[in-house]
Amino acid sequence: GAVVSQHPSWVICKSGTSVKIECRSLDFQATTMFWYRQFPKQSLMLMATSNEGSKATYEQGVEKDKFLINHASLTLSTLTVTSAHPEDSSFYICSASRSSYNSPLHFGNGTRLTVT
Amino acid sequence: EDQVTQSPEALRLQEGESSSLNCSYTVSGLRGLFWYRQDPGKGPEFLFTLYSAGEEKEKERLKATLTKKESFLHITAPKPEDSATYLCAVQAETSGTYKYIFGTGTRLKVLA
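In order, the protein sequences belong to chains A and B. Going by the working numbering, the letters in the first sequence line up with residues 226 to 341, in that order. Going by the working numbering, the letters in the second sequence line up with residues 3 to 114, in that order.
Simulated from the structure, these hints should not be mistaken for laboratory data. A hint or two may mislead.
[As the list claims (entries may be wrong)] Computed Cβ-Cβ distance ranges for the label pairs, DEER-style:
id, chain 1, residue 1, chain 2, residue 2, range
1, A, Q285, B, Y53, 26 to 32 Å
2, B, P10, A, P233, 30 to 36 Å
3, A, T307, B, N24, 39 to 45 Å
4, A, T282, B, Q5, 16 to 22 Å
These figures come from a predicted structure and were not determined experimentally. Yeah, the Cβ is synthetic: ideal placement off N, Cα and C, and Gly gets one too.
The whole structure should be built from the sequences, with the hints applied where relevant.
Have a look at this one:
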């Protein structure tokens with residue numbers, strides 16, 4: 226099955242600092258990756274769609290200047306939480322699909338971000 | 003408006019007590035319906051893809067079925083290790099672009 230690797234699995238940072246999360250597709254090329262945020266006992270909330278070689282598409286209400294997304298290659302997308310604040314503490318999950326058509330998403334194992 | 007609704011929100015079963023989880027959807031341009039299992043603190047794990055009404059997929063104690071309006075995930079003789087949140091998602095296409103829409107999940111607890 227398709228493997229998506231996400232790193233780090235958890236991170237603690239101080240308020241005002243920036244944190245970068247990496248998402249890699251290990252055995253397939255992903256022209257599109259998706260970034261989700263998940264609150265406890267809630268479902269996945271799509272933050273943005275990351276497209277290789279172009280700007281990410283952000284969902285309504287998601288600050289693009291706070292959540293910087295870079296998709297520099299077909300196997301790597303990064304999410305940088307800039308000037309993090311305690312309210313940014315959450316579980317962030319990336320996903321990718323082998324193709325855009327009729328394909329399931331495959332998810333990384335998520336990153337638990339805690340901002341102190 | 004495209005929508006995916008899962009029920010029940012939570013379910014407690016005794017070991018061996020079979021049951022079904024429901025995923026109802028209202029979406030135009032359905033491309034596929036997907037089931038996932040999510041354990042606490044982990045990303046969702048892909049289980050099944052269903053593409054057309056009448057299709058069924060099986061894996062161990064799980065069986066997924068699809069109609070034109072809903073999908074069921076049947077769990078036969080569940081074990082405590084089946085405890086997890088089960089998510090349903092659909093891929094829909096609108097004007098040449100596609101999106102994935104997730105339900106809110108069913109939290110399943112299987113008691114020994």
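Status of each hint after checking the structure:
1. Remark: the range hint 26 to 32 Å for A:Q285 to B:Y53 is upheld by a beta-carbon distance near 30 Å.
2. Look at B:P10 against A:P233: about 35 Å separates their beta carbons, and that is inside 30 to 36 Å.
3. In this structure, A:T307 and B:N24 meet the distance hint of 39 to 45 Å, their C-beta atoms being roughly 41 Å apart.
4. In this structure, A:T282 and B:Q5 meet the distance hint of 16 to 22 Å, their C-beta atoms being roughly 21 Å apart.
Figure legend: structure checked against the earlier numbered hints; every hint is met.
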